[in-house]
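A.B. asks: Here are the chains, one letter per residue:
There are 2 protein chains.
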Amino acid sequence: MKEVAAGVDIGGTNTIFGLVDKTGDVIAEGRFKTKDFPEIGNFVSSLVDAINNLMETNSNLKLTGIGIGAPNANYHKGTIEHAPNLSWKGIVPLAELIRKKIDVPVIVTNDANAAAMGEMIFGGAKEMKDFIVLTLGTGLGSGIVINGEMVYGHTGFAGELGHTTVFPGGRDCGCGKQGCYETYASASGLVRTALQLLSNMREQSSLRNILPSELTAKQITEAAAQNDPVALKAIDYTAEVLALGIANAVAFSSPEAVFLFGGLTKAGEMLFGPVRKYVDKYIFPVFKGTVEILPSGVTESNAAVLGAAALVWKERIN
Amino acid sequence: MKEVAAGVDIGGTNTIFGLVDKTGDVIAEGRFKTKDFPEIGNFVSSLVDAINNLMETNSNLKLTGIGIGAPNANYHKGTIEHAPNLSWKGIVPLAELIRKKIDVPVIVTNDANAAAMGEMIFGGAKEMKDFIVLTLGTGLGSGIVINGEMVYGHTGFAGELGHTTVFPGGRDCGCGKQGCYETYASASGLVRTALQLLSNMREQSSLRNILPSELTAKQITEAAAQNDPVALKAIDYTAEVLALGIANAVAFSSPEAVFLFGGLTKAGEMLFGPVRKYVDKYIFPVFKGTVEILPSGVTESNAAVLGAAALVWKERIN
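Heads up: the sequence lines are chains A and B, in that order. Counting from 13, one number per residue, gives the positions in the first sequence under this note's numbering. Counting from 13, one number per residue, gives the positions in the second sequence under this note's numbering.
Any given hint might turn out to be false.
Identical chains share a label here; the pair holds if one copy fits it or two copies do between them.
Using 27 Å as the maximum straight-line C-alpha spacing, the simulated BS3-like pairs for lysine-lysine come out as follows [as the list claims (entries may be wrong)]:
1) 89 <-> 300
2) 74 <-> 141
3) 293 <-> 101
4) 300 <-> 101
5) 141 <-> 326
6) 141 <-> 89
7) 245 <-> 278
8) 89 <-> 45
9) 45 <-> 300
10) 34 <-> 289
11) 89 <-> 101
No lab work stands behind these hints, which were simulated from the structure alone. Treat the numbers as computed from the prediction; the structure is a model and nothing was measured.
Work out the full structure: start from the sequences and follow the hints.
C.D. replies: Next comes the structure, spelled out in structure tokens:
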């Protein structure tokens, strides 16, 4: 009898799930469209059925629990609360609804926290007690581990570094504030920076021939690889603000490493090089040389499922 | 036999120490000038002798440990490292030196962490698991408690919010960086803001008749109480930046409360009122209304000794 944990990643578009053993092997996987279930009751029934099916088609497995990464998730309450990108409105008692259908522990947290847990159980942070994971996608998510424990805070929502203010009065953010970290240090932040530089700089740039509404971080990274001066400067500036926020986070919790994860990190050394340089510029001297800036040690393709499953394995260790 | 902990506060000028029981009663106190002991060996001997004397003059006591708050202290190593305001250079293995003279546990941490521990054991945070203490003096110190535990981080130096960057490229800081939180949100930050406003504003102000080198936060607070327009605006701006940093810290660890401690808080509601208003402005919406901004619940006169002693009582609880 082999023990497995179910990892579930609920996104605005897709819900992906899989059975993961203690070593991080994904034994079986499945997915469906989140939007096909506008009613939460149907979603829960289908999810539990799908997990049960995976269990049955792979005999001799024992399910130890279900870990779920979801937007606007509250770890303390096992709820999803007012998630703008999901069709279920208000406060959804997800863990409770699932437990009515299947008698195993259910743990719910946001996707960045799940990524951090994946890093800790299966990735580059296996031996670490203090680290931070930043997920650089459309926005900037963060999962913070201190003294071997995930930081959930008094509310269960802790770790929203993407909405710390790095430039008071700066760029408008979707959250209603201005100057939030994620309006600079994310894939969409890189695009905004490139647009700003197209207005400030006089140099030729291939980016001038792309509609602003269609410009992507990937195009900017590719242009930078071709030595496009605007693209190069956009990446450098993005790295600088990313580093500023990392240095601030280091002053808070003094981690051993900060892991960068997600689309933007595909820029590789073009991003990591300047990030490390600028961390040295903005870091409080006592922390200089004490923190590593690393790419995530979890493969991106199944990171979400691994991270969610890691929530279960982590609780089993405790 | 009554159990007591010795609390020791090592400052650049004075070293204060006292015997504190489990309920926070200071049973005996003493002090000497730190600068009278340029050699650390002599300092340690005198400190241990002084504690032994206090124990003997108060019979029927049992010493359970010594807690020490000191600048640039490393909790993990029990050391004071490269403290610019102390005459002992390099790395001072303080805990080890003391333990050679007296066989009790010795715990060393920085003064802001000790203040947070005092808040937790004897002050306003007795029932709290997640809170932050900001000490607003010449600089800004911070002690962060998450899930009932002090945050020391990988290096032992965590909790340096005073040196997070709030205005990239802003005011020069003593640490060599620019735009650090404490260059705005502290007693000296208030003075710098008043000087800046004296240049920006045209209004009459009693502060124009004080030498810049002699201007103090207390004078500005007093002038504000007399409705001096420059002083009022200086306090409002200081409150705004203080609040911005608090909102950023809340996004990190989602505490139940942030306690403000130290000289600047004597401004009372004149400071707390605008701080609360601006926290609402800068906080990520999900945290709105979840965090209290409170004055410290520890009396300032013996807070340093209580905080240092609390380090010992806290370890006894664990």
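A.B. asks: Which of the numbered hints above does this structure break?
C.D. replies: 2, 9, 10
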